[in-house]
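Okay, here's what each chain looks like letter by letter:
Number of protein chains: 2
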Amino acid sequence: MKLATLKQGGRDGTLVVVSRDLTRCQSVGGIARTLQAALDDWDKVSAELELVYDMLNHGHARHAIAFDPALCHSPLPRAYQWADGSAYINHVELVRKARGAELPESFHTDPLMYQGGSDSFIGPRDAIIAASEDWGIDFEAEVAVVTDDVRMGASADECAQRIRLLMLVNDVSLRNLIPNELAKGFGFFQSKPASAFSPVAVTPDELGMGWHDGRVHLPLRVTLNGQPFGCPNAGVDMTFNFPQLIAHVAKTRELEAGSIIGSGTVSNKQGGLYGSSIANGGVGYCCLAEVRTYETIEGGKPQTPFMRFGDRVRIEMLSERGEDIFGAIEQQVAPLER
Amino acid sequence: MKLATLKQGGRDGTLVVVSRDLTRCQSVGGIARTLQAALDDWDKVSAELELVYDMLNHGHARHAIAFDPALCHSPLPRAYQWADGSAYINHVELVRKARGAELPESFHTDPLMYQGGSDSFIGPRDAIIAASEDWGIDFEAEVAVVTDDVRMGASADECAQRIRLLMLVNDVSLRNLIPNELAKGFGFFQSKPASAFSPVAVTPDELGMGWHDGRVHLPLRVTLNGQPFGCPNAGVDMTFNFPQLIAHVAKTRELEAGSIIGSGTVSNKQGGLYGSSIANGGVGYCCLAEVRTYETIEGGKPQTPFMRFGDRVRIEMLSERGEDIFGAIEQQVAPLER
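First to last, the sequence lines map onto chains A and B.
The first sequence lines up with residues 1 to 338 when you count with the working numbering.
The second sequence lines up with residues 1001 to 1338 when you count with the working numbering.
Accuracy of the hints is not assured; some may be wrong.
Unchecked claim - Derived EDC-like pairs: lysine to aspartate or glutamate, alpha-carbon spacing no greater than 16 Å straight-line:
#  : chain 1 : residue 1 : chain 2 : residue 2
1  : A       : Lys269    : A       : Asp237
2  : A       : Lys184    : B       : Glu1181
3  : B       : Lys1184   : A       : Glu93
4  : A       : Lys184    : B       : Glu1102
5  : A       : Lys184    : B       : Asp1110
6  : B       : Lys1251   : A       : Glu93
7  : A       : Lys184    : B       : Asp1068
8  : B       : Lys1007   : B       : Asp1068
9  : B       : Lys1251   : A       : Glu181
10 : A       : Lys184    : B       : Glu1105
11 : B       : Lys1269   : B       : Glu1093
12 : A       : Lys251    : A       : Asp157
13 : B       : Lys1269   : B       : Asp1237
For the record, the hints were derived by calculation from the structure and aren't laboratory data.
Just so it is clear, the structure is predicted and the values come from calculations on it, not from any experiment.
Assemble the whole structure, with the sequences as input and the hints as a guide.
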């Protein structure tokens, strides 16, 4: 099943069921007005939503309208929980290597996660607003899951059963604000502005064999200003799977329905700078920081700039048959108007 | 005006207006079913809520019932944003001193804040559940504000106009999980389980002269197992006021209505261990970590244990006339049942 949220009807938007081919959608106010409302009551309403989905896919939905990702907000325009992992250790290792730091051994057994802010996500086609290019604006292409309620102390096996939806994420980062912020000791804050999610959230069965072992085994495709930039497989080199990430969150607290847990920047371990870019036959990158790190390791300093006003990033994932699964995140960087 | 949320009617509970003396309350479903709904539409509904408040205070509310803090959830049982400052630099300095670290000069000009999780707050009389006493269970008594929408880049003066409500907080911390977690570089995560808030949230005018300069100028009273433990004045030694903390959050993102911004552990600068405890004429502490730090500085190691199962903490604030403003947070530590 595929679900989206239109930018109408209030702060949480209006829930629509979207056809598998992303061409049509239908609002389902009689079942659940918003995606959060559906998640709050998932066991009760998901079967009804599936019925609408079946009708849409068979051309029998009477009130279907054309689906336009440009009218979408993030599936959850605001959420109660957004916690992001760094499950692709290669990304962590690379970023640390650039500043001469070793990767602690514990990073292979203890997931690295940060608590994100979730009150004001931006839509999948909204501009990335920043007051200054000097902030070092970067995209981070990721996969995320949305959970049902999870009890404190739940095992990874138990957490696997509580995953309801999958989405793509652009976890925007302000790289030049990170060093000072991390030096303060309390983690990211101003350096992690509002994230954006794919137009559509899908139930795991939509990925078929692409979803197993708690991982999404499909390439995540990133385009920067129209040029292919990355297509690493999200199922490769993911050290911790989603159930393990959720269990990490649940160790000392409950999770409420609608919690979003991110994978961290997707990153496949490759040989080095020259073999890893798409132009050179590699799978490329899901953020600018990685290529800048390769450049720093190999040439002493980064060459690729961070995003400038007007730059555009596109993030999407296709099925094995080449069909668009989530719709594309496509965002342009723009200056804050004062 | 005083508002509370009863544990009935769904995940977000039921909004009630509470009389100034905390004896009676009335549900206001016709105006706003939940506190988040009221905050989403504050300009429109607050005047109507104030009318109910006036009637309650004058004994004219026709459907008033007795107000029982034990039936309350936190005013926002789940929120979209919970960011906590460390505005009392004395607390930060003390905790760092215990581990031999200096306070960076920038800490006096650049607020220290962490992004908290907000999907599953616990009620003001709920147990603090932990799987192990070895986690180093500590309370942290704080003050918090709830904001309206705040635009990205808003000045502190502008932020001051966006404060809608005040609450007390118990920002529970698992001290023994903190060192490893901070060493990983991404800030608190498992070490900050669910927080609890006071039974009642109040509009700033309820504090009279106690609210000025963006600070709450009243003692925050903490009792541990029935013994007075702290009563520092929340208006003293608060290096950054609430408008400054909000502006710090808003530098790179918007805040949505219903965002909760905490002060950090209230802490007044005192002379040292022996002069600072209430028994010795001081104003005491708002967390166990501080007294343990004094003990470490003066005696080489901490003496006071962290909270054990069965221990009880009470946090409240009285007006200058001795009236209970927010109702008391009162929580007992209990083991996780598996």
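So, going through the hints one by one against the coordinates:
1. A/Lys269 <-> A/Asp237: Given pair A/Lys269, A/Asp237 holds - Cα atoms ~7 Å apart, limit 16 Å.
2. A/Lys184 <-> B/Glu1181: holds (14 Å)
3. B/Lys1184 <-> A/Glu93: Holds: B/Lys1184 and A/Glu93 sit about 13 Å apart, inside 16 Å.
4. A/Lys184 <-> B/Glu1102: holds (12 Å)
5. A/Lys184 <-> B/Asp1110: Measuring from Cα to Cα gives roughly 10 Å; hence the hint holds.
6. B/Lys1251 <-> A/Glu93: Not OK: B/Lys1251 and A/Glu93 at ~29 Å, beyond 16 Å, violated.
7. A/Lys184 <-> B/Asp1068: Not satisfied, since the Cα-Cα distance of roughly 42 Å exceeds 16 Å.
8. B/Lys1007 <-> B/Asp1068: Distance ~11 Å between B/Lys1007 and B/Asp1068 Cα, so the pair holds.
9. B/Lys1251 <-> A/Glu181: Satisfied, since the Cα-Cα distance of roughly 13 Å is no more than 16 Å.
10. A/Lys184 <-> B/Glu1105: holds (11 Å)
11. B/Lys1269 <-> B/Glu1093: It holds: about 10 Å lies between the C-alpha atoms, which stays within 16 Å.
12. A/Lys251 <-> A/Asp157: Measuring from Cα to Cα gives roughly 14 Å; hence the hint holds.
13. B/Lys1269 <-> B/Asp1237: Cα-Cα ~7 Å, so holds.
When held up to the earlier numbered hints, the structure conflicts with 6, 7 and fits the remainder.
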